[in-house]
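Q: Spelled out, the chains give:
Protein chains: 2
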Amino acid sequence: MSGDVVSAFPFNKLVIFGVGLIGGSLALSLRERGATGRVIGVGRHAHAVERALELGVIDVATTLADEAALADALKGADIVLLAAPVAQTRTLLERIVPYLEAQTLVTDAGSTKSDVIDAARAALGARIAQFVPGHPIAGRESSGIEAALPDLYVGRNVVLCPLPENAPQAVERIAAMWRAAGAVTGTMSAAQHDRVFAAVSHLPHVLSFALVDQILASPDAELKFSFAAGGFRDFTRIAASSPEMWRDVCLANRTALLAELDAYTGELVKLRAAIDTGDGAALEALFARSREARTAWQERGGRRVADASPDK
Amino acid sequence: MSGDVVSAFPFNKLVIFGVGLIGGSLALSLRERGATGRVIGVGRHAHAVERALELGVIDVATTLADEAALADALKGADIVLLAAPVAQTRTLLERIVPYLEAQTLVTDAGSTKSDVIDAARAALGARIAQFVPGHPIAGRESSGIEAALPDLYVGRNVVLCPLPENAPQAVERIAAMWRAAGAVTGTMSAAQHDRVFAAVSHLPHVLSFALVDQILASPDAELKFSFAAGGFRDFTRIAASSPEMWRDVCLANRTALLAELDAYTGELVKLRAAIDTGDGAALEALFARSREARTAWQERGGRRVADASPDK
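Chains as they are written, first to last, in my numbering: chain S, 215 to 526; chain B, 215 to 526.
Because the hints were derived from the structure by calculation, they are not lab data.
Heads up, none of these hints are tricks.
Partial list, computed: chain S residues near chain B (C-beta under 10 angstroms):
no. : residue
1   : Ile351
2   : Ala454
3   : Ser455
4   : Lys484
Not the full set, but computed from the structure, chain S residues with beta-carbon under 10 angstroms of chain B:
no. : residue
5   : Met402
6   : Lys438
7   : Glu474
8   : Thr479
Just so you have them, the derived chain S footprint on chain B, three or more residues with Cβ under 8 angstroms:
no. : region
9   : 411-421
10  : 447-455
11  : 475-483
12  : 500-514
Where a beta carbon is used, it is the ideal one built from N, C-alpha and C, also for glycine.
Please model the complete structure; the sequences and the hints are all you need to start from.
A: Put into structure tokens, the structure is as follows:
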């Protein structure tokens, strides 16, 4: 199997911008499976990439400040992965484009796709066909290179949002990279991706942060936190996520997120009316259908590979 | 220690109305620790109490349909625990009061307190001093007698909301029962209790049910569930809770819950404006203070014994 993966997907040079949890885990995974040659890490700050070098995640550590090293990093690159916060996409691509060779494919790991594609079109212009947008659905509560794991992507979905300009072989090459890391790949449009993740990921994060903020702002916050138990713990686990990342996601996926937030406010209006008027039947019906859907979701494995348009 | 507990808290007969997760776990725990004599289980339906009898959780199984058995159950009882859904409180107490002896204390395990106290006053009248309202902060995703555990209360908070009519010894006796089951006891007013739990428990449940309902109602529900991952899983774990129980809680704690829901809607309006106007600084500040509070809460053990007015 490992031999198949390597023969189906050989490449010699991978360049990762942002060697944290996401980029570092891909590097570890591909190296462990013998699916990549040299891995170059490029960071905003020297300390992060140097730590990745020490940990053996990458072979060469480069910072954006060093133009010559950047040029050198991109020379002969097979694949460039952007694994920095999505707000940096345009700037990074503008730094990359002068050195981008014709055979190099660029992909990303951003949680939002329409904005990333806009940024890529602005930065890459006529070379947009070299950019294949992607989103691995994997993460951990902790972030940074120390949290990287070689098995992070095993069995996880990776969504690719191919552009009309992408050659099918280019999309397949990026998909094969993720499959080599153990992931299951599928494709959908960027608009569909952004709607789906606004609903199942971005909105819950916003709602979780909002609940903690509300308790914090209340006069008896200390007492409330003292008696918060298991329900609060699970509901707010994602409120311990990176503020910078989630600020960027909210702004990058603004349109889809606002639509979900407005629909949610509508749900709360409906629930409020049922509570206020004592409409127990309406409450029980809503709770029961939610419970049934949540239980069914859990029973089929908590997540499921989309059969929308799978690559494989 | 166990010897101390028993000598500080000897009783011969415990009657539990509703032998499910909550009532069953208390029975198992007290029996295992030798802190109770006979345990009588009273249920709405024969099958549940009979199953508890088979499992050795109780010594006698009684149903509400059998008036003579009910009278017998309450004869010489030291403590009566109501562990049925809160909406049944008044009916149960009306059934109990004709047989309630002067030495018997009644307590409950309901998630809401003001409504339970209203129901108790209506049913018990001049004998209200015998009722000590309580709420063990413990639970599991599964319910029913099969889910009962002897260690469910170990290290958990139990909140008592003493009435002005309660003798201090009566409150202490109920507190001692919970401590014998391994719990840590504290007291607060019913109004304070209902505000605290509306914020940290009831509101998150409503929000979690609402999110699943919103996804269900959307045209691409199937695709969304397919790509829902860890954040969704944790945020919606409590949406698998009992619809009947949560309907009752919402109605029973209507006033405090509506206040929290309105405050939350205000939070969402604030967040919506920040997203809509692209106010990244406001978003990041809100997310950062929530993350800090959530992380601090986790680090101090996820919950903490209230020092508001501890019994011990």
